[in-house]
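Protein chains: 2
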Amino acid sequence: MANTVTPLSGFPERLPSQRIIEQQFLDTLREVFELHGFASINTRAVEPLDRLGGQGEDADKEIYGVSPVSGGGGNDPAMGLHFDLTVPFARYVLENAGKLTFPFRRYQIQPVWRGERPQRLRYREFIQADIDIVDTGKLPFHYEVELPLVVADAFSRLPVGEFRIHVNNRKIPEGFYRGLGIEDITIVLRIVDKLDKLPAAAVRDRLIEDAGLAAEHADACLALAQIQADDTSFADQVRALGVEHPVLDEGLAQLSAVMEAAAEHAPGLLLADLTIARGLDYYTGTVYEIRLAGEEGAPSVGGGGRYDALASDGKRTFPGVGISVGVTRLLGLLLDERGLTASRETPVAVLVAVNDEESRRDSMRVAAALRARGIPTLVAPKAAKFGKQIQFADRRGIPFVWFTGADGDQVKDIRSGEQVPVDAARWAPPAEDLRPSLVLPAARE
Amino acid sequence: MANTVTPLSGFPERLPSQRIIEQQFLDTLREVFELHGFASINTRAVEPLDRLGGQGEDADKEIYGVSPVSGGGGNDPAMGLHFDLTVPFARYVLENAGKLTFPFRRYQIQPVWRGERPQRLRYREFIQADIDIVDTGKLPFHYEVELPLVVADAFSRLPVGEFRIHVNNRKIPEGFYRGLGIEDITIVLRIVDKLDKLPAAAVRDRLIEDAGLAAEHADACLALAQIQADDTSFADQVRALGVEHPVLDEGLAQLSAVMEAAAEHAPGLLLADLTIARGLDYYTGTVYEIRLAGEEGAPSVGGGGRYDALASDGKRTFPGVGISVGVTRLLGLLLDERGLTASRETPVAVLVAVNDEESRRDSMRVAAALRARGIPTLVAPKAAKFGKQIQFADRRGIPFVWFTGADGDQVKDIRSGEQVPVDAARWAPPAEDLRPSLVLPAARE
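Protein chains in written order, with this note's numbering: chain A, 597 to 1041; chain B, 597 to 1041.
One or more of the hints may lead you astray.
Stated by the list, open to error - Okay, derived cross-link-like pairs now, DSSO-like style, lysine-lysine, Cα gap no bigger than 30 Å in a straight line: (1) A:911 x B:981; (2) B:657 x A:978; (3) A:978 x B:695; (4) A:734 x B:984; (5) B:734 x A:981; (6) B:734 x A:695; (7) B:911 x B:790; (8) A:695 x B:911.
Stated by the list, open to error - Stretch by stretch, here's where chain B covers chain A in the computed footprint (C-beta under 8 Å, at least three residues): (9) 624-635; (10) 694-700; (11) 706-720; (12) 955-968.
Worth flagging that the hints you see were computed from the coordinates, not collected in a lab.
For glycine and all other residues, C-beta sits at the position ideal for the given N, C-alpha and C.
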């Protein structure tokens, strides 16, 4: 075995204290997803390569192939690691359609792999947390209203600071362009999508030259793509541009419904944002993008939208709406860039000191009593001097040290130094000390 | 995209109701591991191939290689999917040794991959749940006593029926063989390990012919390998064979200490079992094997032992003790063979009915109030007839349906038919209905 160990670029791993943060994030996402009625599924890491190829907007993702080192594999198809959770979910729905109940609400929290060049907040292995609602035949619109509220509920419980879910609706630009008489909707959507990389003037030039738009139509498209509002007033701004089309009407009504529900259930968390263009050539209704305040230079921490066909088996088509949260990227921002830390590097709330090796059993008995009441407890590794045992707890952030004794037990809060007589059948730490807590550094000046 | 979908043999996937069982098992393992002071780590799925090769007893596992489909990969070493969690853990310890605090207690619950031919209870992708305690330099013996108690605590909380953790100690056969004057300990251990495949007479022949033992020494080795006891009386049985050696004394004392602690903390759950030979050529002290009662024909659902060198960086050596639980195999036994099921296929405890689409918001408000108090709640997908909405809940196993009304809300337990007036700010389902429960079919006659 080689003794040298070099980290692999793009495959982030966490120290135990950081992993505690990751677990709390994953727990919160799961808890909220379940509160909102999503059922968990897990799919295998590999898919046949022919299923991974040519999948919508992610067709250009670099795929990792998987094959037995010895060259075997028998009749198995060529396989690769999944690069997102949508492709395996589509396959899972087709494979199990007869056993699932629709509308099917699932969440899925798993790693995905992409053979891309690693760079800031882009990884080769990273965790995605997806929620989707799929139905057979026709998917009611109200799910497009509901989905961002689920994500808003989850993010509201995470120490991410201010965030907003930006929402748009494919039908707004599509109806608007049609109202202008534009025929090739897709090319215009793709050029407008460059607004985050190119200056507006350059985009305008391309709309005129590449898409053949009249100058005033190009200006109208750019004006549309600049509208933002935190309420339904975006619709008035669109109307003021003077374009009319039934598809535009439908899009404005749908986005207004999303904003109205958000005003009640998630006030201030949604932004009607007609500048969002990413995925508009793939999604067919509402689109979502999750952004942290103050991270304008960073890629979004999640997104999704409504699609007409997640999958089809030739007879049935499965439309749906979904949002994917980039958990590893979110943690990259919060841990590596904002300095989020955990109050300790272990789940342990109480260290039971050991007087001497002969009485280790007494300490084990105390630990068993505390664990039986749900208190994570550790027995000290050595019957060292008490100062050393306290230091052992201190180095790990364990808040309490327990001492057994012939004339009764005592527990010490090593932060305050306070020490009190206790009974292992009754004492519990304060609720806030039971689990590690997350600590954000004071706001940077 | 291909529309045909064929399951991949050896890559088990679960329906939502089965996944609920899997999640509850994983939750219980995690909870108990944390109660006992183990910290979570997750490692990347891939390791350099040269690190995966030649790793102790697993050297013959078929490895899945991983490489970018396009042929790129730059300066990255050739990589493969890990086939267990020990190899990545050893690498993680070396890579982060300066940042970890020792003794380091970690648990790790992740999938692993092996390119083997799938057969009953043997998979190509499966979840392992490992706990290990590693130290630098010297590892105190008491951890070998502690570790099986952690697993016994976890299994006692799972609906696995009767189980036992079989324990042996490498020092017992080693000391015994030395006491007989045998020099090549390893070859004898390996031949005795065949006892579960070959008749005793055949093993005896090989001990004489291949290992060169005198007939009475071969008989003594076989006698030793038949000793079992659920208390410390195994030591008397060994002594009665009349062999003496200091290493044998040490082994008997250690295994006795394990059995004594178990008598207090996990009565009836451990079996001193000198028939265990698997891994004795790799482990250096206590060895463990977890077995479900009535599954003598099945492979064990977990095991582990004490090892002198998890890893070494040339300067420091890291000894440890660990146990690995085969979660996917355990679930294969319980779900696929014993028929363990969940009471519902969704986390949802309450379905809020919808009177008409105009009042969907009222139903959403009720759902939000219930969720805010931790009750998984779903709003009905359509304002269908109430009978249909109740049927929707029934098909999924959702126990309660909530009706909103101008003259107050009511909730119906659709199992009993009982319907009572309720207030969304106060009502909660009985604790046993809040989460899906696990159901074992009545014992087979």
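Status of each hint after checking the structure:
1. A:911 x B:981: holds (28 Å)
2. B:657 x A:978: violated (38 Å)
3. A:978 x B:695: Satisfied, since the Cα-Cα distance of roughly 21 Å is no more than 30 Å.
4. A:734 x B:984: Holds, because 18 Å separates the two Cα atoms, which is no more than 30 Å.
5. B:734 x A:981: Holds - the C-alpha atoms of residue 981 of chain A and residue 734 of chain B are around 19 Å apart, at most 30 Å.
6. B:734 x A:695: violated (54 Å)
7. B:911 x B:790: violated (37 Å)
8. A:695 x B:911: violated (57 Å)
9. 624-635: holds (count 6)
10. 694-700: holds (count 4)
11. 706-720: Coverage by chain B holds for the stretch 706-720 of chain A (3 residues, Cβ < 8 Å).
12. 955-968: Held - the stretch 955-968 of chain A has 6 residues with a Cβ nearer than 8 Å to chain B, which meets the minimum of three.
In terms of the numbered hints stated before, the structure departs from hints 2, 6, 7 and 8, listed from lowest to highest.
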